[in-house]
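There are 4 protein chains.
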Amino acid sequence: MPKRKICVVVTARPSYSRIKSALTAIKAHPTLELQLVIAGSALLDRYGNAADFIERDGFKAAAKVFMVLEGENPTTMAKTTGIGVMELTNVFYNLQPDAVVTIADRFETIATSIAAAYQNIPLVHIQGGEVTGSIDEKVRHANTKLADLHLVSSEDARGRVIKLGEDPEKVINTGCPSIDLVKEICTEENLNFDPIEKYGGVGEDLDWKKGYAVVMQHPVTTEYKKAREHILETLEAINKLDFPVFWFWPNVDAGSDGTSNGIRTFREMVKPKNIHFFKNMDPLDFLRLLKHSRVLVGNSSAGIRECSYLGVPVVNLGTRQNRRLRGKNVKDVPHQRDRIYEAVKEAFHSDKHPISQIYGDGDAGIRIAEILATSELSFSKTISY
Amino acid sequence: MPKRKICVVVTARPSYSRIKSALTAIKAHPTLELQLVIAGSALLDRYGNAADFIERDGFKAAAKVFMVLEGENPTTMAKTTGIGVMELTNVFYNLQPDAVVTIADRFETIATSIAAAYQNIPLVHIQGGEVTGSIDEKVRHANTKLADLHLVSSEDARGRVIKLGEDPEKVINTGCPSIDLVKEICTEENLNFDPIEKYGGVGEDLDWKKGYAVVMQHPVTTEYKKAREHILETLEAINKLDFPVFWFWPNVDAGSDGTSNGIRTFREMVKPKNIHFFKNMDPLDFLRLLKHSRVLVGNSSAGIRECSYLGVPVVNLGTRQNRRLRGKNVKDVPHQRDRIYEAVKEAFHSDKHPISQIYGDGDAGIRIAEILATSELSFSKTISY
Amino acid sequence: MPKRKICVVVTARPSYSRIKSALTAIKAHPTLELQLVIAGSALLDRYGNAADFIERDGFKAAAKVFMVLEGENPTTMAKTTGIGVMELTNVFYNLQPDAVVTIADRFETIATSIAAAYQNIPLVHIQGGEVTGSIDEKVRHANTKLADLHLVSSEDARGRVIKLGEDPEKVINTGCPSIDLVKEICTEENLNFDPIEKYGGVGEDLDWKKGYAVVMQHPVTTEYKKAREHILETLEAINKLDFPVFWFWPNVDAGSDGTSNGIRTFREMVKPKNIHFFKNMDPLDFLRLLKHSRVLVGNSSAGIRECSYLGVPVVNLGTRQNRRLRGKNVKDVPHQRDRIYEAVKEAFHSDKHPISQIYGDGDAGIRIAEILATSELSFSKTISY
Amino acid sequence: MPKRKICVVVTARPSYSRIKSALTAIKAHPTLELQLVIAGSALLDRYGNAADFIERDGFKAAAKVFMVLEGENPTTMAKTTGIGVMELTNVFYNLQPDAVVTIADRFETIATSIAAAYQNIPLVHIQGGEVTGSIDEKVRHANTKLADLHLVSSEDARGRVIKLGEDPEKVINTGCPSIDLVKEICTEENLNFDPIEKYGGVGEDLDWKKGYAVVMQHPVTTEYKKAREHILETLEAINKLDFPVFWFWPNVDAGSDGTSNGIRTFREMVKPKNIHFFKNMDPLDFLRLLKHSRVLVGNSSAGIRECSYLGVPVVNLGTRQNRRLRGKNVKDVPHQRDRIYEAVKEAFHSDKHPISQIYGDGDAGIRIAEILATSELSFSKTISY
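Sequence order for the protein chains is A, B, C and D.
In this text, residue positions in the first sequence follow my numbering: the first is 13, and each later residue adds one.
In this text, residue positions in the second sequence follow my numbering: the first is 13, and each later residue adds one.
In this text, residue positions in the third sequence follow my numbering: the first is 13, and each later residue adds one.
In this text, residue positions in the fourth sequence follow my numbering: the first is 13, and each later residue adds one.
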């Protein structure tokens with residue numbers, strides 16, 4: 013029997029972390045063949061060139077697709093998606109996969125979904141059913157309605173996908189593959205590398221060994237004009253703190269320029285003494301950095317997801333993670349410098365939380381590969397009500 | 013106060029009939045400005061060039077967009093959609109509408125939805141919530157998840173859109189605007205034109221005045237290789253009947269070639285005596301032709317929708333209209349020549365059914381315009397559960 | 013030493029005939045690897061699906077690219093070219109050829125040229141330097157200016173490419189590969205197949221064994237509104253003749269609809285008794301049909317090129333082949349039915365001409381493969397004056 | 013009589029300077045209507061957002077087109093061009109201009125040429141016939157072969173376009189419109205603004221009043237991997253000089269990242285004391301800065317063109333301006349730090365050169381407008397030999 017060809021499309025650095033353990037399991041599975049497509053910002057230096065990490069991890073791309081239109085505004089996001097549909101259609105047409113896997117909710121993931129669904133290729137959606145409240149949510153649920161098989165990350169999400177009219181047999185809670193990576197590094201007692209030495213970055217050379225915070229704040233798409241305002245609140249709050257902070261640049265969504273420019277200007281003018289900036293980091297090293305940090309600040313989903321398992325306190329800013337299932341380690345705070353300052357200071361000095369498995373037990377990747385190998389793959393469905 | 017700019021995208025001939033009365037009402041409304049975009053197969057001679065009808069009806073296009081890639085297969089459908097996203101994004105960027113209206117469930121309608129939703133333009137979806145069971149259904153429900161305001165055609169559909177997690181206040185049963193056209197011609201006692209004289213077409217010159225049937229059969233996208241087989245069953249059945257039949261060529265979905273070639277070959281070889289073929293017809297004339305016919309055969313949604321109000325018997329073939337809400341005038345029959353033959357013969361000699369308002373009372377257009385003029389327009393939403 | 017990878021892009025049925033012998037020679041060459049890309053109308057049933065012929069001839073496509081936008085007007089021709097640039101760029105990026113071959117002058121060939129030249133892949137242009145006077149000529153000479161190596165079909169063309177500022181060492185007269193096919197069938201004494209039996213087609217069943225004519229008339233792009241008028245002149249002239257005629261449908265250029273509709277309407281209304289219509293034919297069979305015909309009528313380049321070697325009389329209509337180098341077998345006639353009628357009648361009853369080698373000696377394919385294997389490949393050049 | 017609609021496409025900041033005086037003259041002309049299209053990097057903040065300057069100068073865009081694909085490599089340059097063809101075709105289809113103007117030789121200008129030529133719109137090419145030796149040259153001459161009217165900048169260029177087979181009556185030496193701007197500011201005795209105060213930028217606050225140099229170095233497309241190496245040679249040379257230097261960031265060609273990263277790294281690590289960096293400047297202010305500088309260093313065409321009229325000494329680096337007609341003010345130097353250092357030092361202390369009119373007398377804009385208003389516009393041509 014020929015192996016099932018599973019085509020996974022990775023379009024951004026964070027998506028890679030969310031799928032890596034599944035990629036490993038698919039590649040290792042005796043009856044599966046992995047067809048990895050690297051596309052979008054995952055190919056771009058400006059966004060950390062995930063392709064480099066991916067290839068260093070031993071994966072080989074079956075195709076690479078440049079599709080990100082410059083401009084970082086809602087108009088170019090839409091056009092990027094259109095280009096993605098055109099390009100990925102070609103890719104799938106030539107690769108002839110037995111199933112296509114699309115990940116989560118980034119704007120360009122719907123390009124993968126359309127290219128597969130319209131060509132009658134069974135579409136598997138990872139991480140459907142979650143709730144955030146921005147354009148991401150429109151995209152995520154639209155992906156659900158285009159997909160044939162749903163591998164979700166929590167019971168909460170599973171219930172929601174079923175309510176969306178999907179056949180319960182086609183909605184399986186595998187846990188989130190991102191937790192697999194967390195589990196992998198979770199037993200390491202100390203941070204086993206020097207972040208500044210290994211990753212360079214810009215800004216002060218910090219003495220982080222006695223405890224540090226991490227910041228990662230992305231623009232919120234539907235309010236992108238406010239991105240600059242929001243980031244300044246965080247910058248002002250962080251700048252007042254007396255402990256070292258590692259700060260990560262935002263990803264490629266609309267408004268990234270607002271956020272990036274905010275950071276750049278602040279750096280030039282204020283020259284903050286306690287912040288060191290990174291463009292990107294190997295995903296495992298990033299998790300290590302998180303695990304050994306005192307607090308994560310920002311609106312990254314890593315705060316909601318990975319940190320639940322790690323038990324690291326999180327100061328979650330604004331609306332980006334609204335309504336996403338969260339553990340007790342998360343404190344929600346609005347974009348106000350005083351509130352941010354207080355919450356981060358308090359979290360920094362608080363204890364770690366116990367492990368929570370709301371997003372999985374750390375074996376999602378293997379579970380996903382097994383399901384892809386054994387479940388019936390179809391591309392025809394109808395709503396359940 | 014400036015008028016609200018309402019951008020309606022018409023991508024195909026049948027979509028025009030479904031929205032025409034709403035276009036008229038929007039154009040006439042004192043606080044609305046209509047921005048009409050004509051795109052896709054609505055511009056192409058091969059598919060009846062709806063643009064001609066539209067302009068003859070007094071509407072002016074704010075933009076025209078060629079986007080249909082040749083090939084009529086699943087691959088070109090997907091790529092057409094990608095091109096549509098790119099092009100329509102430009103169009104909306106330049107027109108700056110206050111809301112965009114997308115219609116129903118054709119594959120390319122999701123291009124309209126993405127181009128609007130990603131640019132934070134409030135998206136209004138007409139005719140969501142219905143059920144069919146093919147790729148159309150994936151597209152329709154994905155449109156629902158991208159849309160902010162849902163103007164549905166039946167109570168049945170309204171319930172389904174709400175179940176999909178939409179805010180009930182944003183889901184309004186206006187009835188279907190296609191019924192408005194039906195109401196308009198419904199009082200005419202006889203067919204007031206000679207179809208062959210007015211529309212030419214090819215095939216026999218029929219004596220239709222003593223009663224005739226109409227056939228309209230589209231390929232079913234996810235089974236497009238069977239299109240030829242299916243159409244031959246219908247052709248064989250119809251060819252055996254002893255009354256005149258008007259037959260309409262299918263639209264542009266994948267497999268259209270299978271269907272079209274089937275018809276073309278049958279014509280060349282069998283030279284059927286009782287069939288006359290049309291490429292297209294003014295939508296009102298088409299309704300007139302339906303109203304005065306004895307039976308409609310095929311899988312057109314007109315059989316489900318318009319014929320419910322008209323009370324014309326329908327022999328509905330195959331799965332294309334599966335699970336769509338239907339009146340008592342519809343008889344479902346598989347793609348088997350004998351079953352088709354029997355059903356059509358029986359329906360031809362049966363009586364008309366009474367008017368049914370399951371798809372509206374004939375005032376949907378005015379209702380839609382009023383809602384677009386007065387309801388709050390937003391582009392931010394979250395799932396209700 | 014690894015083989016040189018030679019990527020040849022075939023975008024239309026006639027281009028395939030023009031390159032077939034070179035494809036065979038490249039495939040057979042010990043130090044070359046053929047990467048065949050089939051694109052554009054070569055994939056479409058409406059234009060004779062050259063892909064079928066190509067694969068039946070034993071070639072395997074490295075990639076297939078759907079890129080023809082529907083509409084057949086100047087706007088869709090331009091957009092098709094844009095799509096082609098996007099798609100072919102991807103294809104070359106993934107195939108990493110050592111050289112790309114673009115053929116002649118069809119509008120979409122410039123897409124191949126841009127995709128290669130911009131990616132610094134050495135570009136080989138076949139059949140540059142010829143003159144016609146329409147948009148084709150703009151495209152052909154623009155291809156020359158983007159190309160690095162020029163394999164031309166005649167001394168006349170070689171001189172012109174050099175005048176265009178190209179390095180004479182990079183301009184080589186190989187002869188036209190289309191003549192290779194002609195040479196191959198040139199010794200066959202009789203037509204060894206029954207065209208109607210083998211290819212079907214529509215129209216009268218002709219008794220062609222005592223002599224027949226062939227017609228092939230394409231729309232002239234920059235005058236596409238006149239296409240219908242022009243084709244009617246030819247149809248009227250041919251209809252008056254008293255010998256059998258095989259007529260081929262036009263290719264995909266803008267205005268094809270004018271020409272096609274002209275033919276279709278004429279058929280329906282006039283029902284010509286002496287004409288049989290074909291959509292397409294295996295290229296070798298087409299040459300056989302030409303070789304044994306009494307006269308070729310129309311504006312096909314086959315009249316100028318293949319028929320010079322065959323010695324078949326040609327009645328060449330209108331401006332499409334203007335200024336192309338021609339043999340003594342060609343008589344130029346304007347689009348006037350009387351003039352056409354007289355010229356065709358006279359040619360039909362005249363003798364064959366002797367073989368002319370102005371377009372090559374029949375060994376172009378082997379010569380091209382050898383040059384591709386041995387010449388220096390570069391992508392950097394400057395004008396010679 | 014309706015005005016002639018002249019559509020000018022500006023795709024980059026430097027192109028705007030090259031056409032500005034013509035835009036002014038077209039806008040002011042009684043029988044012309046200007047349709048200005050702003051596209052490509054001219055819309056992007058990263059490349060100086062020329063759109064802002066353009067609108068501040070009182071021009072209004074008839075359309076804006078986002079088309080630059082991220083990645084800045086040969087592959088994305090090619091795909092950007094494909095997107096440009098698609099988009100600009102739409103734009104011209106909707107604007108229906110009487111002529112389209114394309115400028116010079118940037119890779120994306122061929123998109124304008126194809127979109128116009130294929131739609132049978134007369135195409136006017138500005139600044140054809142020049143020689144450089146990179147991909148630009150392929151593009152420029154291909155533009156010439158697609159264009160119908162050639163408005164060139166020098167007698168040298170005129171001769172070359174005619175040799176390319178263009179009708180001498182269609183090749184007019186108007187001089188270069190960029191010289192018009194030079195003439196405009198040429199009488200100002202001192203720099204009438206403080207560059208750092210007005211434009212910010214980053215780096216040292218220099219005392220420039222006693223004499224300064226300007227640097228502008230772009231990556232050379234076909235050698236883009238060397239971009240970083242080349243820029244470092246220049247940075248090292250300039251860093252050793254003892255006078256102040258204003259340095260401009262490169263534009264959007266492939267390799268820009270190599271160049272930009274080279275500069276960025278050098279800044280972080282070396283912190284040069286005598287260099288101040290600008291992203292961009294109002295074109296007139298840039299000319300003022302040039303006029304009052306002691307020397308221009310780099311490979312910008314401004315050194316060849318504008319500085320010939322200004323008489324400012326130029327140290328021209330590498331191959332980018334190879335074979336372009338130049339005045340006596342230009343000294344050519346390879347990418348070697350010592351050679352650069354010596355040449356810049358010598359030029360800094362040398363005298364100005366007299367005005368040269370090899371690129372025009374400063375009235376090109378008015379001449380261009382008049383020609384566009386009065387010359388016959390056609391889209392049909394054939395090569396002259």
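Keep in mind that the hints were calculated from the coordinates and are not lab data.
Quick caveat: nothing in here was measured; it's all calculated off a predicted structure.
Incorrect hints may appear among the rest.
Keeping only pairs whose Cα atoms sit at most 27 Å apart, straight-line, the calculated BS3-like set for lysine-lysine is [stated by the list, open to error]: (1) B/Lys-283 - C/Lys-285; (2) A/Lys-393 - B/Lys-340; (3) B/Lys-72 - D/Lys-340; (4) D/Lys-76 - C/Lys-393; (5) B/Lys-76 - C/Lys-364; (6) B/Lys-283 - A/Lys-182; (7) C/Lys-72 - B/Lys-291; (8) C/Lys-343 - D/Lys-393; (9) C/Lys-72 - A/Lys-15; (10) C/Lys-252 - C/Lys-283; (11) A/Lys-393 - B/Lys-238.
Restraint-style ranges between C-beta atoms, simulated for each label pair [said to hold, decoys possible]: (12) C/Arg-276 - B/Glu-67: 50 to 60 Å; (13) C/Glu-167 - D/Glu-200: 56 to 66 Å; (14) A/Glu-67 - C/Arg-276: 35 to 45 Å; (15) A/Met-13 - C/Asp-179: 52 to 62 Å; (16) A/Thr-386 - C/Asn-204: 23 to 33 Å.
Note that the Cβ used here is the ideal one computed from N, Cα and C, for glycine as well.
If you test the structure against every hint from before, which numbers come out violated? 3, 4, 5, 6, 7, 12, 14, 16
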